[in-house]
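Q: What follows is the residue order along each chain.
4 protein chains.
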Amino acid sequence: MSAPKKVVLAYSGGLDTSIILKWLQTEYGCEVITFTADLGQGEELEPARKKAELLGINPENIHIEDVREEFVRDFVFPMFRANAVYEGLYLLGTSIARPLISKRLVEIAHEHGADAVAHGATGKGNDQVRFELSAYALDPMIKVIAPWREWDLTSRTKLIEFAEQNQIPIAKDKRGEAPFSVDANLLHTSSEGKALENPADEAPEYVYQRTVSPEEAPDTPEYIEVTFEKGDAVAINGEALSPATILTALNEYGRKHGIGRLDFVENRFVGMKSRGIYETPGGTILLEAHRGIEQITLDAGAGHLKDSLMPRYAELIYNGFWFSPEREMLQALIDKSQENVTGTVRLKLYKGSVHCVGRWSDYSLYSEKHVTFEEDAGAYDQKDAAGFIRLNALRLKLIATRNARVKK
Amino acid sequence: MSAPKKVVLAYSGGLDTSIILKWLQTEYGCEVITFTADLGQGEELEPARKKAELLGINPENIHIEDVREEFVRDFVFPMFRANAVYEGLYLLGTSIARPLISKRLVEIAHEHGADAVAHGATGKGNDQVRFELSAYALDPMIKVIAPWREWDLTSRTKLIEFAEQNQIPIAKDKRGEAPFSVDANLLHTSSEGKALENPADEAPEYVYQRTVSPEEAPDTPEYIEVTFEKGDAVAINGEALSPATILTALNEYGRKHGIGRLDFVENRFVGMKSRGIYETPGGTILLEAHRGIEQITLDAGAGHLKDSLMPRYAELIYNGFWFSPEREMLQALIDKSQENVTGTVRLKLYKGSVHCVGRWSDYSLYSEKHVTFEEDAGAYDQKDAAGFIRLNALRLKLIATRNARVKK
Amino acid sequence: MSAPKKVVLAYSGGLDTSIILKWLQTEYGCEVITFTADLGQGEELEPARKKAELLGINPENIHIEDVREEFVRDFVFPMFRANAVYEGLYLLGTSIARPLISKRLVEIAHEHGADAVAHGATGKGNDQVRFELSAYALDPMIKVIAPWREWDLTSRTKLIEFAEQNQIPIAKDKRGEAPFSVDANLLHTSSEGKALENPADEAPEYVYQRTVSPEEAPDTPEYIEVTFEKGDAVAINGEALSPATILTALNEYGRKHGIGRLDFVENRFVGMKSRGIYETPGGTILLEAHRGIEQITLDAGAGHLKDSLMPRYAELIYNGFWFSPEREMLQALIDKSQENVTGTVRLKLYKGSVHCVGRWSDYSLYSEKHVTFEEDAGAYDQKDAAGFIRLNALRLKLIATRNARVKK
Amino acid sequence: MSAPKKVVLAYSGGLDTSIILKWLQTEYGCEVITFTADLGQGEELEPARKKAELLGINPENIHIEDVREEFVRDFVFPMFRANAVYEGLYLLGTSIARPLISKRLVEIAHEHGADAVAHGATGKGNDQVRFELSAYALDPMIKVIAPWREWDLTSRTKLIEFAEQNQIPIAKDKRGEAPFSVDANLLHTSSEGKALENPADEAPEYVYQRTVSPEEAPDTPEYIEVTFEKGDAVAINGEALSPATILTALNEYGRKHGIGRLDFVENRFVGMKSRGIYETPGGTILLEAHRGIEQITLDAGAGHLKDSLMPRYAELIYNGFWFSPEREMLQALIDKSQENVTGTVRLKLYKGSVHCVGRWSDYSLYSEKHVTFEEDAGAYDQKDAAGFIRLNALRLKLIATRNARVKK
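Chains as they are written, first to last, in the UniProt record's numbering: chain C, 1 to 408; chain X, 1 to 408; chain H, 1 to 408; chain F, 1 to 408.
Worth flagging that the hints you see were computed from the coordinates, not collected in a lab.
Note that the coordinates shown come from a computational prediction; the quantities given were computed from them, not determined experimentally.
Treat the hints loosely; a few may be bogus.
One copy or any two copies: either way a pair holds, since identical chains are not told apart in the list.
The calculated DSS-like cross-link candidates involving lysine-lysine, where the alpha carbons are at most 30 angstroms apart (straight line), are [unchecked claim]:
#1 Lys230 to Lys6
#2 Lys174 to Lys22
#3 Lys174 to Lys369
#4 Lys383 to Lys369
#5 Lys194 to Lys383
#6 Lys103 to Lys230
#7 Lys103 to Lys336
#8 Lys383 to Lys103
#9 Lys230 to Lys336
#10 Lys143 to Lys407
#11 Lys172 to Lys22
#12 Lys103 to Lys143
#13 Lys194 to Lys256
#14 Lys336 to Lys6
#15 Lys348 to Lys256
#16 Lys256 to Lys369
#17 Lys5 to Lys369
#18 Lys6 to Lys174
#19 Lys336 to Lys5
#20 Lys143 to Lys5
#21 Lys407 to Lys369
Generate coordinates for the entire structure from the input sequences, incorporating the hints supplied.
A: Below you can see the structure in the form of structure tokens.
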């Protein structure tokens, strides 16, 4: 790979990506363009602008964008249509944000005629894969710089030294090692590493930043209603809201009731297991709500097909293959299933739990007439079941007959 | 089908199966053998013996058995090795009990030279299918009598009349309609029908019989440790217990903390949707515990394969195909995966929730050396990730190149 | 079910459906509308009109239609996009025609205000299921009459008697039993039953009606080129043709070279195994051609996902679930994959075989630059493979390390 | 990775692996142990011994083994139980041999206290992955040397120079570039590269080394019978044979009749497409035979489950994951299905084709009594089909009712 000339950096404004910024300038002598996205991580972005300017970035090379609506509408919601969970429990909060960042990095590179993009993910994690697969899928000629895999700043001490040598301001609390590493966006906050590395030890309460503990949550349940149209949440308690606004509101409900905490050991794409603490307050409510509305609006054949493909779909997102033909094919299948997933669910929130306790819809497939214990009104002839069972049993009988025959 | 001569009836001792008993005697004039199983439903069984005798059953034709250990060891535990949930949420508590009952019915039929078995499931539900597929798979020549699909006792009034005409004792509270229908065993209690038929309405608290409400549960979390060997729970807090004893103990923990309630609309095999309220206190804890121990002992390849097949496996059990070659094939695959699923998890129980907060095992695949944020000790070369990503990206790049070419 | 008043009958003009026509008139006293479709079965249809008139059908109640283009365009081609084969070998020639017939039956019923449709499939086969599931999916209130499951004309003798009593003309060769039963359309001809019922015996040559025997086929191979656009064949040897015309032409190539014969024992949806002799000359060529063009235009991720879902898709079609949400979901996924399946393949036809021997496309993903044995021109760095392999191996190493540890 | 001290080399005796042998000695100064396996590639192995001695290998460090029986019994046959084909057509002849070679390399390394193994696969293909994943799975501490990814002998000229400088004998026909590259074993011969790199061009006849061309095959069909026990072939025409002997005999039948040629473009695990010409004469016959015996002995539920997992299983073998938990899990499932796959098939071999034309078994599930067109003898009540269809249709009716309702 030839040296990059102009590079778009995913820039948070924090110490690590500031060091990367400087390192790119000094190591490659290349022009740096910064991209800072508001994904709902809950931090002010304007300081990132000032910091970039301080590090010598030309103002027209500084991009700061609020992408929260795009994030929820085009990434989070499509994923929730699938009820996607990775390895049974993880709601993919980090995974789903990476393709959007890469997409904007590549688009900005094209605007500026840049030949490279750069990110601050390490060589051990999944995020490097997600950033880079997305970038390559969107521009096969783009170069991707991953400083953590290249440089020799392999300890905190060396990083701080480099920062000092390059006049990068260092906040007091960044001098020492952080007790764990955090990633956040509108969907979730993840914490991992260092203090959390022993999966036998319960994570201390101070790790949780996004939710109150269930023990501190209100002693009285709260009920909310979430309305869906074609598989996407569109209103809470009857009030229509935009995608990002809905997720923000659900996050607040979740935070208050201690909902969406997960202590998890997962399998990384790069081959090892890692332990993470995830908080997905709004997403956890959204998943329960979506399952609830599907219960009455989705047919068994559609639902079972979807269920059987969900693990594959979740694995693709986790592994960084959002921009792949197979993810898009699965999305076409999933979206097709959601055409009538429209209606409202009632949810009970209480001390760490969310449960669907009611659901109704004009699009409901639930037929009280068919299921009722009351005497039939002709909707269903119980005698049909005899034939249904006998034909389903036929092959089992033939097996049993064969087995009896050959054992003689 | 010619008329049955001797029939083994799944007999609970309750009013409905007593009516069936009498109806079989009068309708078919056949000899009736009763089978009453203790599956952990929490009822005395000896009254069933007296009732059967009262209805004229020969004492040697009355079978009362405690099958709890067999139930948990040979049915519940194999199923939990798969983390089986139907349609995302239902733990299959009713489904998994039916094949065992059918197996014993057929075995008792063979002992007595009976040519038929009979059950009290209706023509609208899944249980008829489960009973009958199991029976036919075990004996292709057996006759199965399902009185609810045959007789004309299609209303409560007619049933009561028939009971009165036949000197069947009727408990006072059985004269009227029950507000809903209940099934229970060591794994769960289900409630459905009548008062619960509108899925928009929250189920009233009195429906729940097996768990305290989360609001009434203790205000302080409780921690327990569950130990697994080859995928099966073998000890709680270090005390070795038999399968049924473990599930009984977990049920008590779950009951106390309000764990395992589910309000659910599901797709029946016979084609309609129905709404059920399920309580699976111990099973819910067991599932979380099993997932926890798999997190560190199961490889990604094994786990993802299992996850992708779980929906199919759960569907087979739900639909009544326990005794089918495909369920046995999947079981062989699942059991193969569990050879090293051995170790202990720590669980937090609190007001309706159970969460795994720690796990450890001699069989762990978790390697702190590989995952650590600390400087590498040679276990993992971050530069390998570059090649890994580039080859994973190659096909995506070829697609992007092609797409760019053809769009020109 | 109340008695039907006006019924649309799938009418071939042959003896069996003529008997059904009369039986519907006499048994139910209902008005009969006939529908005769040209699906490419190779029979004159006008005699069916005369026969229907002779049996008293009002001319405006006689529908004769050429549906060959619709059949290939909307049913056969979508299915071939999936490379659908049932149980590894069967190209679904009968299965795919039934939904179209049911669709037209229901549409004609709606035009005439009829309340029922009727078909001539027996109670043992798959076709009854396919006809009826399709009809019910398109009109949940429609009645379906399946005379073979209802009447007592259960032997050839009784059928002939009924025909004679009702002045139904009987062709000489229809008086006796046919040695086997035949179904034909533009995609295939199937033969089954009676003389073919022992799966140990080779089918005699006279069973094959659609293809010359490979031994009689030309001694010289013939080469043809088939061009695809978005997964559908659009030209042969450079000549653009309509869907039905292409399949007709491929049938002629296949017939001449003895291609597409299959001697098969399959699993019916209704539970038993049956043996069929299938001839699918054009379809067999089309499948090989489609696979050939996919080889260079379809990405691995897309192709493997498609392959893994194909058996389920084929099973749905075989079982009669064409008009089901899950088939439509899978179709959405498959169609999405075909957007760039455009290009041309070269096929060698010779004595029963068809092989793709060349393929080219503007949409090709094949990159000689990447695969070449020649020295690299920078397209691919072989050292990347080392990292790729090491990370893929990591989890296997961790397993081996664990296994060695616990065995001590 | 520290330098290897003692390395076991997969040594063919040919020029390329002789150069590798020398290169290992000179580059790493390490002791070399050679392993030469008779996998049925059809070459004399003793010359490899002499060549190794000539290159200075200590006689006790030269391992030459006939592993044909192990190859077929423990690798080929288990794979054929699954009817494994990669991407619809490729019988995995190369893929299945690699794990066995790696297994022996690692075992020999352990015997000799060697710390490394080496292979002659290039950095672009799948074989490097297969060799190395297998080696790492069997010994996580083993080093793997892949000279083609390391050295600078990147052209034919440089290789020849190195050989000349190191006194490696060069056969005359090895001085120039081979027109394509060949791999062979008892299951197949593959040819790829150079002259075959344009997938549009038909492969010339001289590429085929293992089969006569169909045009040159006998003008008269030949029939053979193959007998299976538990899914494995055990006899031909009634004569019991060992696994390798059976495959050898089937190869001769296939060769003679021009069976098993495949011109194919496939997706490599490392990300690019490549074109190969495969000849799998005996394997192609074996696959058709195995499918034939499964048709009557395997239940629909078992067969459909197997079919749906086959693509995943084949992909695992192709990608080199033979020694992975997920392959072993799938094998457990597949082997479970084969318990009654016992019986005999009759095959017709003619000019490039093999077709099953008859099959019989004591374990047959085919029931003429159930399928017959003749009047029923009570085995099957056609009226059962009505109930079967109505319950299968119920959910489709509910959908249609809903759709009609919401469209108003």
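Q: It remains to establish, for every hint, whether it holds in the given structure.
A: Hint by hint, here is what the structure shows:
1. Neither within a single protomer nor between protomers do Lys230 and Lys6 lie at most 30 angstroms apart by alpha-carbon distance, with minima of 43 angstroms and 39 angstroms respectively.
2. Proximity of Lys174 to Lys22 under the C-alpha cut-off of 30 angstroms is restricted to the intra-copy arrangement: shortest distance 17 angstroms within a copy versus 54 angstroms between copies.
3. In this assembly of identical chains, the alpha carbons of Lys174 and Lys369 lie at most 30 angstroms apart only when taken from different copies (25 angstroms versus 65 angstroms within one copy).
4. Taking the shortest Cα distances, Lys383 and Lys369 sit within 30 angstroms of each other both inside one copy (17 angstroms) and across copies (25 angstroms).
5. Only between protomers do Lys194 and Lys383 lie at most 30 angstroms apart by alpha-carbon distance; the minimum there is 22 angstroms, versus 64 angstroms within a single protomer.
6. Taking the shortest Cα distances, Lys103 and Lys230 sit within 30 angstroms of each other both inside one copy (26 angstroms) and across copies (27 angstroms).
7. With identical chains, the CA atoms of Lys103 and Lys336 are at most 30 angstroms apart both within one copy (25 angstroms) and between copies (22 angstroms).
8. When the C-alpha separation of Lys383 and Lys103 is checked against a cutoff of 30 angstroms, the pair qualifies only between copies, where the shortest distance is 24 angstroms, while the shortest distance within a copy is 58 angstroms.
9. In this assembly of identical chains, Lys230 and Lys336 lie within 30 angstroms of each other by CA distance both inside one copy and across copies; the values are 9 angstroms within and 20 angstroms between.
10. Taking the closest pair of Cα atoms, Lys143 and Lys407 come within 30 angstroms of each other only across two copies (22 angstroms); inside a single copy the shortest separation is 67 angstroms, beyond that limit.
11. Taking CA atoms no more than 30 angstroms apart as the test, Lys172 paired with Lys22 passes inside one copy only; the shortest distance there is 20 angstroms, against 59 angstroms between copies.
12. In this assembly of identical chains, the alpha carbons of Lys103 and Lys143 lie at most 30 angstroms apart only when taken from the same copy (14 angstroms versus 39 angstroms across copies).
13. In this assembly of identical chains, the alpha carbons of Lys194 and Lys256 lie at most 30 angstroms apart only when taken from the same copy (28 angstroms versus 36 angstroms across copies).
14. In this assembly of identical chains, the alpha carbons of Lys336 and Lys6 never lie at most 30 angstroms apart, being 42 angstroms within a copy and 36 angstroms across copies at closest.
15. Taking the closest pair of Cα atoms, Lys348 and Lys256 come within 30 angstroms of each other both inside a single copy (13 angstroms) and across two copies (20 angstroms).
16. Taking CA atoms no more than 30 angstroms apart as the test, Lys256 paired with Lys369 passes in neither setting, with 40 angstroms inside one copy and 37 angstroms between copies.
17. In this assembly of identical chains, the alpha carbons of Lys5 and Lys369 lie at most 30 angstroms apart only when taken from different copies (26 angstroms versus 70 angstroms within one copy).
18. Only within a single protomer do Lys6 and Lys174 lie at most 30 angstroms apart by alpha-carbon distance; the minimum there is 29 angstroms, versus 48 angstroms between protomers.
19. Proximity of Lys336 to Lys5 under the C-alpha cut-off of 30 angstroms is found in neither arrangement, the shortest distances being 44 angstroms within a copy and 38 angstroms between copies.
20. In the homo-oligomer, the alpha carbons of Lys143 and Lys5 lie at most 30 angstroms apart inside one protomer (10 angstroms), although the nearest pairing across protomers, at 38 angstroms, exceeds that limit.
21. Proximity of Lys407 to Lys369 under the C-alpha cut-off of 30 angstroms is restricted to the inter-copy arrangement: shortest distance 21 angstroms between copies versus 48 angstroms within a copy.
In this structure, the earlier hints numbered 1, 14, 16, 19 are contradicted, and the remaining ones agree with it.
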